[in-house]
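Colleague: Next come the chains, spelled out residue by residue.
There are 2 protein chains.
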Amino acid sequence: MKARVTVTLKTGVLDPQGRAIQHALEGLGFGGVEGVRQGKLIELDLADGTTAADVEAMCKALLANPVIENYRVELA
Amino acid sequence: MKARVTVTLKTGVLDPQGRAIQHALEGLGFGGVEGVRQGKLIELDLADGTTAADVEAMCKALLANPVIENYRVELA
Chain A
1 MKARVTVTLK
11 TGVLDPQGRA
21 IQHALEGLGF
31 GGVEGVRQGK
41 LIELDLADGT
51 TAADVEAMCK
61 ALLANPVIEN
71 YRVELA
Chain B
1 MKARVTVTLK
11 TGVLDPQGRA
21 IQHALEGLGF
31 GGVEGVRQGK
41 LIELDLADGT
51 TAADVEAMCK
61 ALLANPVIEN
71 YRVELA
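Protein chains in written order, with the numbering used here: chain A, 1 to 76; chain B, 1 to 76.
So that you can see chain A by itself, here it is in the shape it has in the complex (with noise of 0.2 Å):
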């Protein structure tokens, strides 16, 4: 089984990341960047009979900082 996990910063955080990236892409002449935001993208192999509850568990003990990031879990 997989599972995908998306993280991303929540709204109003700070994205330091993103923003070095927009004045990159800035710098290489690509126009019309008006905000970039960066993430991570977990991907998971599992046993099988692992459940979405334990993968809501992983990213609540581990994959994500709830305090600033969302995540979404998608299962394969």
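If you are wondering where the hints come from, they were derived from the structure by calculation, not from laboratory data. One should not assume that every hint holds.
Copies of the same chain look alike in the list, so a pair counts if it fits in one copy or across any two.
In the DSBU-like style, the derived pairs of lysine-lysine whose C-alpha atoms are separated by at most 35 Å in a straight line are [stated by the list, open to error]: (1) K60 to K10; (2) K60 to K2; (3) K40 to K10.
For clarity, every value in this text was computed on a predicted model and none was experimentally measured.
Fit chain B to the given chain A structure using the hints.
Modeller: The following block gives chain B in isolation, referenced to the frame of chain A:
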């Protein structure tokens, strides 16, 4: 317009960060984690009129390293 770029390491490229996450999950008592790969998620806020080809060019120039990474662009 929004674009979502996911950047993942190509198969066969070592992913020490993913490996570290896997070990940490095991250390926390989560069983059944057979593999972890970490990638990047870049969300772009773009001016109207920016095309998919523009985003593709941004990926090639800055957002991904096509030698070791795959990228996927989704426009929304």
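Colleague: Does the structure break any of the earlier hints, and which numbers would those be?
Modeller: none
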